[in-house]
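Here's the letter readout for the chains.
There are 2 protein chains.
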Amino acid sequence: MAELNIKLTVAYDGTAYHGWANQPGLKTIHGTLVECFSRLFGRKVGICGASRTDAGVHALGQTANICIDTPIPVANMQSAMNSYLPKDIAVTSVEVAPRGFDPINHATGKHYRYTLNTAKVRPVHSINYCWHYPYTLDTDKMDRAGRLMRCTHDFRTFASAKDHRRDSIRTLSRVDVRREGDWIYIDVEGNRFMYNMVRNIAGTLVDIGRGRWVPEDITEMLEARDRRCAGQLAPPQGLCLVKVYY
Amino acid sequence: MAELNIKLTVAYDGTAYHGWANQPGLKTIHGTLVECFSRLFGRKVGICGASRTDAGVHALGQTANICIDTPIPVANMQSAMNSYLPKDIAVTSVEVAPRGFDPINHATGKHYRYTLNTAKVRPVHSINYCWHYPYTLDTDKMDRAGRLMRCTHDFRTFASAKDHRRDSIRTLSRVDVRREGDWIYIDVEGNRFMYNMVRNIAGTLVDIGRGRWVPEDITEMLEARDRRCAGQLAPPQGLCLVKVYY
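Keeping their order, the protein sequence lines are chains L and S.
Under full-length UniProt numbering, read the first sequence as residues 1 to 246, first letter to last.
Under full-length UniProt numbering, read the second sequence as residues 1 to 246, first letter to last.
Heads up, a few of these hints could be off.
Identical copies go unnamed one by one, so any copy, or any two together, can satisfy a pair.
[Stated by the list, open to error] In silico DSSO-like cross-links for lysine-lysine, where the CA-CA straight-line distance does not exceed 30 Å:
| # | residue 1 | residue 2 |
| --- | --- | --- |
| 1 | Lys27 | Lys87 |
| 2 | Lys87 | Lys243 |
| 3 | Lys27 | Lys120 |
| 4 | Lys27 | Lys141 |
| 5 | Lys162 | Lys120 |
| 6 | Lys44 | Lys141 |
The hints are simulated quantities; they were obtained by calculation from the structure and are not laboratory data.
As the structure is a computational prediction, the values presented were derived from the model and not from experiment.
Please construct the entire structure, taking both the sequences and the accompanying hints into account.
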């Protein structure tokens, strides 16, 4: 049998997990996939994921790969994997990738969605999938601020102060804010992201929506290259990794 | 202060609870409400709910009442209650009811919704709010069968064998089955319900949808007055008490 490089798309409810990345003694998405797939294939498998999502963050389209030679036909692999995984994680597609496919370095972009609910009473059936923010938000202002973040900028201001990567130039192709009844969706697409970047953008847009700043302040914030100039960090459960582009 | 009879509408995610009704040593919706409201009002309060939902069953519009004299103004009561409740339970309305209002005996009807998902891959973010049934279901047949259950019948066949109430004549005004993409919704409205009645109806409609029986078999099932003549019991997490009518 030849070793195959298998590209997986994975959806998960991050509520019960300490994020994607392995941490000794804690239940993580990556650790759960490794454990379940190792049982399925009868030996320890290595898995590499495109995005290290934080504790409580969700995914519809996380991408990962495993290199494996197995007698299990590719056509049966998805349902075999799903029968070994817990109900809050599911493989939504399996494809054979080129030999050198690398889910991190070959990614050309990612789509994240941040979800808010502004109803007076918390939505009990969606409370783990949104930021419940029961106040008035001006979504037109939020959307105008989002537009000012588009294109290529230095996003140091919107990265966690803990992110020490030198290069903080990123390109966002989309920062859209739209309302549907009590729900507000912030869709962010870009080439690469710094640590906490989408949650810092979402929190800052919320601060603008409630009037702490005007949309045009975004330009000055970007120029400051200082985390202290941006708004609050939005909580993790509102964030979902929708898709990774290749 | 005069004692008020307060009518509450309550929404909850039943996932983490052993149903509505109090059970010693187990976390229940009723027990949680009693505990939280007793802390809020500074003394033990009694709560009566319209429907004893099972473990894992959800509600958008459970109705309950408490009789209380308190200095807390009615206008502030909802937000006070919600600040004491856990995030998976919320009071969605508070009103002063007539002195003799009784949520069980004054109810004129209830609306339940049963939700199925037929996607090949389980919907990880909704897995606690539906029956994931990844097979083909003929919803036209299910809807036709539902129509045959409408109006007044003896529903003994669709009650749990454990329900020993003599009177099993009930009136259903609505048993609708509709599909939206991978989702199927079964809406059932009626005057009163026997134990497990909606879940037995949902399970039987699923059996009809996959071809075990034809819709017209419903008539014979009703006539049999025997639980063994109906289909499977649908799992609890697909069921939601939408509204109680008065």
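Is it within, between, both, or neither for lysine 44 and lysine 141, if the alpha carbons may be no more than 30 Å apart? neither (50 Å within a copy, 47 Å between copies)
Should lysine 87 paired with lysine 243 be assigned to within, between, both, or neither, using CA atoms and 30 Å as the limit? Answer is both; intra-copy 20 Å and inter-copy 29 Å each pass.
Pop the pair lysine 27 and lysine 120 into one bin, within, between, both or neither, using alpha-carbon distances up to 30 Å. So lysine 27 and lysine 120 pass the 30 Å test across copies only (26 Å; inside, 34 Å).
One pair to classify: lysine 162 and lysine 120, alpha carbons no more than 30 Å apart. Within, between, both, or neither? So lysine 162 and lysine 120 fail the 30 Å test inside a copy (35 Å) and across (41 Å) alike.
If the cutoff is 30 Å on CA atoms, where do lysine 27 and lysine 87 land: within, between, both or neither? Let me know, please. both (15 Å within a copy, 23 Å between copies)
Homo-oligomer pair classification [lysine 141, lysine 27; C-alpha up to 30 Å]: Intra 39 Å, inter 44 Å, cutoff 30 Å: neither.
Figure legend: structure checked against the earlier numbered hints; hints not met, in rising order: 4, 5 and 6.
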